[in-house]
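In the order they appear, the protein sequences are chains D and X. The opening position of the first sequence corresponds to residue 6 in the numbering used here, with each subsequent residue numbered one higher. The opening position of the second sequence corresponds to residue 55 in the numbering used here, with each subsequent residue numbered one higher.
Hints are not guaranteed to be accurate.
Claimed, not checked - Sample of chain X residues lacking proximity to chain D, with all beta carbon distances greater than 12 Å (derived):
(1) Ile77
(2) Arg79
(3) Gly116
(4) Val119
(5) Thr120
(6) Ile123
(7) Gly152
Stated by the list, open to error - FRET-style restraints, in silico, Cβ to Cβ:
(8) D/Val165 x X/Ala114: 38 to 46 Å
(9) D/Leu11 x X/Arg159: 46 to 54 Å
(10) X/Arg76 x D/Val165: 26 to 34 Å
(11) D/Leu99 x X/Leu107: 25 to 33 Å
Keep in mind the hints are simulated off the structure, nothing from the lab. The beta-carbon is built from N, C-alpha and C at its ideal position, and this holds for glycine as well.
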Amino acid sequence: METAVLMLIGGVGVGIFGSLLGLGGGLLIVPLLTLGFQLPLREAIGVSLVCVIVTSGASAGVFLERRVANLRLGMTLELFTAIGALLGGLVAFLLDERVLAGLFAALLTYVAVSMIRPRPASAGADPVISGDTPPDEPRTFLDTLSGPGYRVRRLRAGVVGSVGAGIASALLGIGGGLIKVPVLHVVMGVPLRVATATSNLVIGITASTSAWIYLIRGGIDPYATGPTAVGVFVGASIGSRIAHRVDVRALRVLFTVVLLYTAFQMVRRAAGVQ
Amino acid sequence: MTVRTDEPPVPSSARAAGLEGRIARLLRIGTYSAVAFIGAGVVLMLASGRSPLDVAPALAPGRLVTDLIGLQPAGYLWVGLIVLLLTPAARVAVGAVGYARAGDRPMALIATLVLVVIVLGITLGLVSPAPGTQGG
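Bound conformation, chain D alone (with noise of 0.2 Å):
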């Protein structure tokens, strides 16, 4: 009972967080139950993977009918994600769980230099307009996958980083969106709105693609599950509600110490020092 009301709050802390910040939950949940429950990491991976879609399809059906999210981008790219996420699935079983623990240590890292690296002026803006715009009549594929005001381009790079996407997404049990909105935004050419829409449609599909494998495999446990993702989905509510009444700098630089101490476990856990 302790247990499980635990992980229902630790879901909860990491829904409001993660929509706070703007980061999917799998970057938190992993830690959250490996170092917080003791659960075996590709379990928690697994747990992961299924708060992710949750979170997903809570928010992609809003960004949906504001039209914000981009469809027929998504479902392109989501082709290539879900082969990378169908590959990573399948490596992950045979990986050593602290290869998987290493491998999120500089996960974990990455992400918390990149939170506390001085931003350019115009990042936190979001640039409705990308000054390329689409012809009239689309005359290639890729002028149908463009939207009002921008043009889409460099697809191959984009498949690419999609198939990229969906390996870590498998591996790590992460939504993935760290590498899609860096991709669509900085290098298709798509609205940073509009590519955080259109990656949150996409994960679904590539955390999906992967739980499946997981689900067979043995590697979702239900009891584990169902607290962290009722919580995280309790959380994400909560979190896109006070959003606006929350001052995120001084959330950022308490994130980054957290991620940063949890990277420091992770590596301790790659070492085989527990």
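Given chain D's structure and the hints, the job is docking chain X onto it.
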């Protein structure tokens, strides 16, 4: 074959909005239903004194209905998880049909291929051995 000329053609943007609306509803219904089942499973789990760290019964599709009727927590949790994992695939299937109806062959093909990859993942998960994991 007769061509009806008395009705104005539906603009492609309106068709796209219709498809996006259908997909958004499907995502919402699927996710909320799944969370409702999982939430019910958690309540039953707490009521029966089970811990999340206990090993849950493995997924047995033939036993799910019995478990639901018998208010077994694992039954509700498994149904919630399956509904949740099926929702993104159902979204792609709706997209494939929508694009095919609109005559958008490239997008219909892409959506179908996404479904093929998901089915391939399930098949490979079933047929290949799972080193280093327990059976459930």
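Please confirm whether arginine 79 of chain X is truly not at the interface, meaning its C-beta sits more than 12 Å away from all C-beta atoms of chain D. With a cut-off of 12 Å, arginine 79 of chain X comes too close to chain D, as the shortest Cβ separation is near 7 Å.
Was isoleucine 77 of chain X rightly flagged as not at the interface, with every chain D Cβ beyond 12 Å? Given that some Cβ of chain D is not farther than 12 Å from that of isoleucine 77 of chain X, nearest at about 6 Å, it is violated.
Is valine 119 of chain X truly not at the interface, in the sense that its beta carbon sits beyond 12 Å from all beta carbons of chain D? Holds, because the least Cβ-Cβ distance between valine 119 of chain X and chain D comes to about 16 Å, which exceeds 12 Å.
Would you say the C-beta atoms of valine 165 of chain D and alanine 114 of chain X sit inside 38 to 46 Å of each other? 40 Å, holds
Take a look at whether the Cβ-Cβ distance between arginine 76 of chain X and valine 165 of chain D falls inside 26 to 34 Å. Given range 26 to 34 Å: holds, Cβ gap about 31 Å.
When you take the CB atoms of leucine 11 of chain D and arginine 159 of chain X, is the distance between them in 46 to 54 Å? Since the Cβ atoms of leucine 11 of chain D and arginine 159 of chain X sit about 52 Å apart, the hinted range of 46 to 54 Å holds.
Using the beta carbons of leucine 99 of chain D and leucine 107 of chain X, state whether their distance is inside 25 to 33 Å or not. 26 Å, holds
Distal placement of glycine 152 of chain X relative to chain D, Cβ over 12 Å: About 10 Å separates glycine 152 of chain X from the closest Cβ of chain D, which leaves it inside 12 Å; violated.
Against chain D, does glycine 116 of chain X hold up as non-interface, every C-beta pair farther apart than 12 Å? The claim holds: glycine 116 of chain X sits with its nearest Cβ about 16 Å from chain D, beyond 12 Å.
A cut-off of 12 Å on Cβ-Cβ distance, and isoleucine 123 of chain X was said to be off the interface with chain D. Does that hold? Consistent with the label, isoleucine 123 of chain X stays out of reach of chain D, its closest Cβ about 18 Å off (over 12 Å).
Measuring Cβ to Cβ, find out whether threonine 120 of chain X lies farther than 12 Å from everything in chain D. 16 Å, holds
In this structure, the hints that do not hold are numbers 1, 2 and 7, in rising order.
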